[in-house]
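Based on these hints, arrange chain B on the given structure of chain A.
The primary structure of each chain is shown beneath.
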Amino acid sequence: MPDQLIFGIEVLLNGLMAGVLYALVALGFVLIYKASGIFNYAQGVMALFAALTLVGIMEGQVPFAHLINTIFGTEIHHFGWHVPAVLAILFTMVVMVLLSWIINRFIFKYLVNQEPIMLFMATIGIAYFLEGFGDMMWGSNIKKLDVGLPQGGSFWIEENTQWMGLGNENFYGFFLDQLDLVATVVAIILVIVLIVFAQYTKQGRAMRAVADDHQAALSVGISLNFIWVMVWSLAGFVALVAGIMWGAKSGVQFSLSLIALKALPVLMLGGFTSIPGAIVGGLIIGVGEKLFEFIMSSKSIAGELFGFTIGATENWFAYVLALLFLVFRPQGLFGEKIIERV
Amino acid sequence: MLDAADGYVTEDGRKIGGVLMEMKNITLRFGGVVAIKDISFDVREGEIRAIIGPNGAGKSSMLNVISGFYHPQEGEVWYQGAKRPPMKPYQVARQGIARTFQNIALFEGMSVLDNVMTGRIRQMKSGLFAQALWKGKAEKEEVENREVVEKVIDFLEIQHIRKTPVGRLPYGLKKRVELARALAAEPSILLLDEPMAGMNVEEKEDMSRFVLDVNDEFGTTIMLIEHDMGVVMDLSDRVVVMDYGKKIGDGTPDEVRSNQAVIDAYLGVAHD
Chain A
0 MPDQLIFGIE
10 VLLNGLMAGV
20 LYALVALGFV
30 LIYKASGIFN
40 YAQGVMALFA
50 ALTLVGIMEG
60 QVPFAHLINT
70 IFGTEIHHFG
80 WHVPAVLAIL
90 FTMVVMVLLS
100 WIINRFIFKY
110 LVNQEPIMLF
120 MATIGIAYFL
130 EGFGDMMWGS
140 NIKKLDVGLP
150 QGGSFWIEEN
160 TQWMGLGNEN
170 FYGFFLDQLD
180 LVATVVAIIL
190 VIVLIVFAQY
200 TKQGRAMRAV
210 ADDHQAALSV
220 GISLNFIWVM
230 VWSLAGFVAL
240 VAGIMWGAKS
250 GVQFSLSLIA
260 LKALPVLMLG
270 GFTSIPGAIV
280 GGLIIGVGEK
290 LFEFIMSSKS
300 IAGELFGFTI
310 GATENWFAYV
320 LALLFLVFRP
330 QGLFGEKIIE
340 RV
Chain B
0 MLDAADGYVT
10 EDGRKIGGVL
20 MEMKNITLRF
30 GGVVAIKDIS
40 FDVREGEIRA
50 IIGPNGAGKS
60 SMLNVISGFY
70 HPQEGEVWYQ
80 GAKRPPMKPY
90 QVARQGIART
100 FQNIALFEGM
110 SVLDNVMTGR
120 IRQMKSGLFA
130 QALWKGKAEK
140 EEVENREVVE
150 KVIDFLEIQH
160 IRKTPVGRLP
170 YGLKKRVELA
180 RALAAEPSIL
190 LLDEPMAGMN
200 VEEKEDMSRF
210 VLDVNDEFGT
220 TIMLIEHDMG
230 VVMDLSDRVV
240 VMDYGKKIGD
250 GTPDEVRSNQ
260 AVIDAYLGVA
270 HD
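Protein sequence lines correspond, in order, to chains A and B. One point on numbering: in numbering that gives the first Met the number 0, the residue at position 321 of the first sequence is 320, and numbering is uninterrupted. One point on numbering: in numbering that gives the first Met the number 0, the residue at position 177 of the second sequence is 176, and numbering is uninterrupted.
Isolated chain A (complex conformation) (with noise of 0.2 Å):
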């Protein structure tokens, strides 16, 4: 096989692992979306702060140390003892359950009925104040998050496909990041587990009730409170996942907030309501904006075709791809068919 044929190969799959990941944070605001309507701007803040509380919690961190240090000038910074992986992403599961009690206690309780740019400006605010809370509480400095996934190229893919090479002497096999292959399996059991728990289970049916309806739902016996808090703890574990596997990956600093905008153009693709959608937009979004940025840099591709090259499109592809989508189908790919009677 030619190297360009082998080199695209390799960026597709990448782009495919790459993918994943933009679907996983994609994923949580599908979820909240469904059940409320309501666009949470927090979701990407929520991955950040789940990535620092576990490791706050497995570096046995004191919760707000600069602040306690500063008001009883004492030197206060660890507890001095390591939490186990598995029981420290515990623990993080249950401050997100009690996070989002607080948000829907404290906000979104006063805000029932209110128009969607309401509670989409609220969760602006949330955004920010979980930043800030985030900073105040665990310290702005990069950390590192080690859960024992499995880090650095896979061995064994590259070896067992050097055969694809077909003669190629400059084929080694395919380079494939382990943690990216994790990555991938998690997504995939998540989205399974997901799917199966809003078309199969009585608290599925109703959240998908209560994102239909409001009064209907109280109807049948439907408490909205419960559902939202449900929700939003979902989306604090698909936030947790995310923010694992972010963290893991550049590990676990402030600018892992921004990746909720990629999760934008995934959701426009993908349709803000469906969960399939969210990880097929987030493979298309993967792919195609590495693919477009390998073939549009590369001179015996696109220097060929159009005479010229072009770099650093990863950039911009997927929000231009978002806007034709916008423009030629706005309930995306998946999204619920806008059925209006009049």
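In case anyone wonders, no lab produced these hints; they're calculated from the structure. By construction, the Cβ of each residue, glycine as well, lies at the ideal position given by its N, Cα and C atoms. There could be a bad hint or two in this list.
Unchecked claim - Anything over 12 Å on all C-beta distances counts as not near chain B; from chain A, calculated:
1) Gly7
2) Phe63
3) Leu66
4) Asn68
5) Glu74
6) His76
7) Leu89
8) Phe105
9) Pro149
10) Ser153
11) Phe154
12) Arg204
13) Val209
14) Leu323
15) Val326
As the list claims (entries may be wrong) - Where chain A lies over chain B, by a calculated footprint (3+ residues, C-beta under 8 Å):
16) 14-27
17) 109-120
18) 223-233
Same frame as chain A, but now just chain B:
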């Protein structure tokens, strides 16, 4: 006068039981507007009870009081022999009081089957973890509930649209799906808010038949609000008449029909 313990037998031979629900001196105000003023009446087990009255008489407000959407400033609601504390609508629903809405409140994006299944929430007891693990009890429960739902769907003759998203259905069928959802809850009281509003004659006849059949087949106590005098008189055992938030008549259709205050409210009074 009837006493609470025993009931009566209707003209067509149905046995009506004791008092199931009683409204005592209900007053509901919105700011300075009095929507319901000092109204009392009872609902007996197995009967079809109607509230009629001109537009703005406070009929829907009364239904909303019963189903917990509104909370009256004064008065008491007695249900199954006990005074009911102020409750949220979902708690009322879980007590076995199901309702439909005047302007239809269905889950438009969900299929007819799923819509009707939501009516079973009261009966589904297994918790989140049992559901998540999808084993034993939860599975059995789902199957049992599905059976009841299929029966209701058959009963209301909506088998052919089971898998259709409700958003695509015409008005008359939506009304029927809403009734199915309420019925799936196997309610002790079924509240129908203008079940025939906006329907043509044929659809009205169908709906009337279903209301009678439901009462007959399951013995469900039904309370309905209706504009159409003719329909109400044919359907109901006893009728409450409201006007400007006050009760102006209460009794069998014949009694109500000959009540001068009712005639005045519906036909207007000559001011001479």
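Checked hints:
With a least CB separation of 40 Å from chain B, A/Gly7 remains clear of the 12 Å interface cut-off, as annotated. With a minimum CB-CB distance of about 32 Å to chain B, A/Phe63 clears the 12 Å threshold, and the non-interface call stands. The Cβ of A/Leu66 lies farther than 12 Å from every Cβ of chain B, with a closest approach of about 36 Å, so its non-interface assignment holds. The claim that A/Asn68 is not at the interface with chain B holds, since no C-beta of that chain comes within 12 Å of its own (minimum 41 Å).
Listed as a non-interface residue, A/Glu74 keeps its Cβ farther than 12 Å from every Cβ of chain B; the least gap is roughly 44 Å. At roughly 38 Å, the least C-beta separation between A/His76 and chain B is larger than 12 Å, which holds for a residue marked as non-interface. With a least beta-carbon separation of about 15 Å from chain B, A/Leu89 lies farther than 12 Å from that chain, consistent with its non-interface assignment. Here A/Phe105 stays apart from chain B, with its beta-carbon at least about 19 Å from theirs, past the 12 Å limit.
With a minimum CB-CB distance of about 28 Å to chain B, A/Pro149 clears the 12 Å threshold, and the non-interface call stands. Annotated as non-interface, A/Ser153 keeps its C-beta farther than 12 Å from every C-beta of chain B; the closest such distance is 32 Å. At the 12 Å boundary, the C-beta of A/Phe154 stays outside the reach of chain B, the nearest C-beta of that chain being 37 Å off. In this structure A/Arg204 is not separated from chain B by more than 12 Å, as the shortest Cβ-Cβ distance comes to only about 6 Å.
Listed as a non-interface residue, A/Val209 fails to keep its Cβ farther than 12 Å from every Cβ of chain B; the least gap is roughly 9 Å. Under the 12 Å C-beta cut-off, the non-interface status given to A/Leu323 relative to chain B holds; the minimum distance is some 26 Å. Even its closest Cβ contact with chain B, about 24 Å, leaves A/Val326 beyond 12 Å, as expected for a residue assigned away from the interface. Counting residues of the region 14-27 of chain B whose CB falls under 8 Å from any CB of chain A gives 0; the rule of at least 3 is not met.
Remark: the region 109-120 of chain B is confirmed as covered by chain A, as 6 of its residues place a Cβ nearer than 8 Å to a Cβ of that chain, reaching the required three. Check result for the region 223-233 of chain B against chain A: violated, 0 residues qualifying (beta carbon to beta carbon below 8 Å, three or more required).
In summary, the structure is inconsistent with hints 12, 13, 16 and 18 from the numbered list given earlier, while agreeing with the others.
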